[in-house]
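Participant: So the sequence lines, in the order shown, correspond to chains A and B.
Terminal number for the first sequence in the working numbering: 127, no gaps in between.
Terminal number for the second sequence in the working numbering: 375, no gaps in between.
In short, the hints are calculated from the structure, not lab data.
Every value quoted in this text rests on a predicted model; they were computed, and no experiment measured them.
One or more hints might be untrue.
Said to hold, decoys possible - Chain B side only, calculated, beta carbon under 10 Å to chain A, not exhaustive:
hint, residue
1, Gln26
2, Leu29
3, Ala36
4, Pro328
5, Pro330
What the hints assert, rightly or not - To give an idea of the chain B side of the interface with chain A (calculated C-beta under 7 Å), a few residues:
hint, residue
6, Ser33
7, Leu35
8, Arg304
9, Asp316
10, Gln327
Said to hold, decoys possible - Calculated from the model, a selection of chain B residues having no Cβ within reach of chain A, i.e. all distances over 10 Å:
hint, residue
11, Tyr9
12, Ser18
13, Asp21
14, Phe22
15, Lys133
16, Ala160
17, Gln170
18, Tyr179
19, Ile193
20, Ala236
21, Arg242
22, Leu256
23, Gly264
24, Ala283
25, Ala306
26, Phe345
In this text, a Cβ means the ideal position worked out from N, Cα and C, and glycines have one as well.
Letter by letter, the chains look like this.
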Amino acid sequence: MAKVAAELKYSAEHEWIAIDGSGPSVIGVSAVAAEALGDIVYVDLPEVGSTVTAGETCGEIESTKSVSDLYSPVTGEVTEVNDGVVSDPAVINSDPYGAGWLFKVTVTEEGPLLSAEEYASKNGGEL
Amino acid sequence: MSEKYTALYEEHKQLGASFTDFGGWQMPLKYSSELAEHHAVRNAAGLFDLSHMGEVWVTGPDAAAFLDYALVGKLSAIADGKAKYSLICNADGGIVDDLITYRFGDEKYLVVPNAGNAPTVAAALAERARSGKVGGFDVIVGDVSAEMSLVAVQGPKAEAILLKLTDEAQHALVTDLKYYAFNELTVAGHDVILARTGYTGEDGFELFVANNAAAPLWASVAEAGAEFGIVPCGLASRDSLRLEAGMPLYGNELSLERSPFDAGLGPVVALKSKEGDFVGRSALEADREAGSKRKLVGLKGLGRRAGRGGYPVLKDGNVVGEVTSGQPSPTLGYPVAMAYVDVEFTELGTALDIDLRGKAEPFEVVALPFYKRQK
Numbered sequence: 001m002a003k004v005a006a007e008l009k010y011s012a013e014h015e016w017i018a019i020d021g022s023g024p025s026v027i028g029v030s031a032v033a034a035e036a037l038g039d040i041v042y043v044d045l046p047e048v049g050s051t052v053t054a055g056e057t058c059g060e061i062e063s064t065k066s067v068s069d070l071y072s073p074v075t076g077e078v079t080e081v082n083d084g085v086v087s088d089p090a091v092i093n094s095d096p097y098g099a100g101w102l103f104k105v106t107v108t109e110e111g112p113l114l115s116a117e118e119y120a121s122k123n124g125g126e127l
Numbered sequence: 001m002s003e004k005y006t007a008l009y010e011e012h013k014q015l016g017a018s019f020t021d022f023g024g025w026q027m028p029l030k031y032s033s034e035l036a037e038h039h040a041v042r043n044a045a046g047l048f049d050l051s052h053m054g055e056v057w058v059t060g061p062d063a064a065a066f067l068d069y070a071l072v073g074k075l076s077a078i079a080d081g082k083a084k085y086s087l088i089c090n091a092d093g094g095i096v097d098d099l100i101t102y103r104f105g106d107e108k109y110l111v112v113p114n115a116g117n118a119p120t121v122a123a124a125l126a127e128r129a130r131s132g133k134v135g136g137f138d139v140i141v142g143d144v145s146a147e148m149s150l151v152a153v154q155g156p157k158a159e160a161i162l163l164k165l166t167d168e169a170q171h172a173l174v175t176d177l178k179y180y181a182f183n184e185l186t187v188a189g190h191d192v193i194l195a196r197t198g199y200t201g202e203d204g205f206e207l208f209v210a211n212n213a214a215a216p217l218w219a220s221v222a223e224a225g226a227e228f229g230i231v232p233c234g235l236a237s238r239d240s241l242r243l244e245a246g247m248p249l250y251g252n253e254l255s256l257e258r259s260p261f262d263a264g265l266g267p268v269v270a271l272k273s274k275e276g277d278f279v280g281r282s283a284l285e286a287d288r289e290a291g292s293k294r295k296l297v298g299l300k301g302l303g304r305r306a307g308r309g310g311y312p313v314l315k316d317g318n319v320v321g322e323v324t325s326g327q328p329s330p331t332l333g334y335p336v337a338m339a340y341v342d343v344e345f346t347e348l349g350t351a352l353d354i355d356l357r358g359k360a361e362p363f364e365v366v367a368l369p370f371y372k373r374q375k
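So here's chain A without its partners, still in its complex pose:
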């Protein structure tokens, strides 16, 4: 069963966020989502300096089988994107909570977020 990292918060659209009160927060997609998508082959991320809005699409994730929208779990300014996953999207499958992070945001407002327990019980992940 796909792992749900206990220290993170999650959106209903399967993004995780590591909220850091002192600096930008890191955002990625959960292992549950990565596994459901299949092997990820392309990722389209928001641009550095752009503003993302909680609950709205900010990019795309494409696997061998399908294309899915990427939703931002928070509102804020994008400060950094992970060029590593753009050049090698498979990292999102192999290490979704680590090297497979997607982008960083200076959060001005949080969207509705779930705890790891809530997300896991709703989506069948393993804490």
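Based on these hints, arrange chain B on the given structure of chain A.
Facilitator: Frame of chain A; chain B shown alone:
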């Protein structure tokens, strides 16, 4: 529709498969990574459960003549022990299914339709046997889909694996088997129909076996293939493999609304070599006469984004076609797609775009198949 399960369902569950519905069947989509499964078939071997496919026996004195009437190909002309790809069309020339027919003898054929179409094909064959000529054809149409399993071993190591599972005395039956030919022999102690056919673009075999032998056969193949790197493969890799090999999938490239000529399957329709009538003949003659407005082509992506089934194909911003299948090619490293395109834009090298959710992504018309194995 209630879900159907193959005789290998428990094996798939134990292997940790994720499942998908296909033609009413719960089938393994993938076991681990569909890309790894794809590469295993290209480089070593893959093991597939295809038990959702149908098996329909056509037996009796009129078997050959009947199939010439019921299908678009000339099945009476194939030799014993050989198989042939064909189509079953309706009276309007629409494609009911694509299928493979195996000839055991003048009075005995096995017809293998696609999973979701098997009941339709079996019923159509039975109906055509009754109504096709005065008094009916002297044949028995026996749908044994529920009793038979089908396991495929595909990839460059497939033959070596089969040789480990057969008696030395029968090795020549394996090694001498030509593409689209079959033998009845014993594999791992089970009676199987061993056919050198497949849907991956690689060398490989398909093994028809009774349901009660499916699980032990599956286990034996997995064990014998371990040293060669065999992995179980799901429908996701089956789809990417067949797409690279330019093989049509019923429901994507083929349907009741498509003519065989538009799909590039004109050579499968035996308008010249068959003298007698067959179902769809007059409509297909008219189709051929009229020519195709749209044709199935291969498209190669110049960027990284893949077109998907249903996406519009554009020329200078105007819709000139529609994608039927598409995804990134794991072997070739660029996106590939099959699409029906207006004939004036089907010449090789023609620059077209696929409308990727509002963004025009450049593609180019290329020859099918995208991938051909080195022989």
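Participant: Check the structure against each numbered hint from earlier and tell me which ones fail, lowest number first.
Facilitator: 1, 9, 12, 20 and 25
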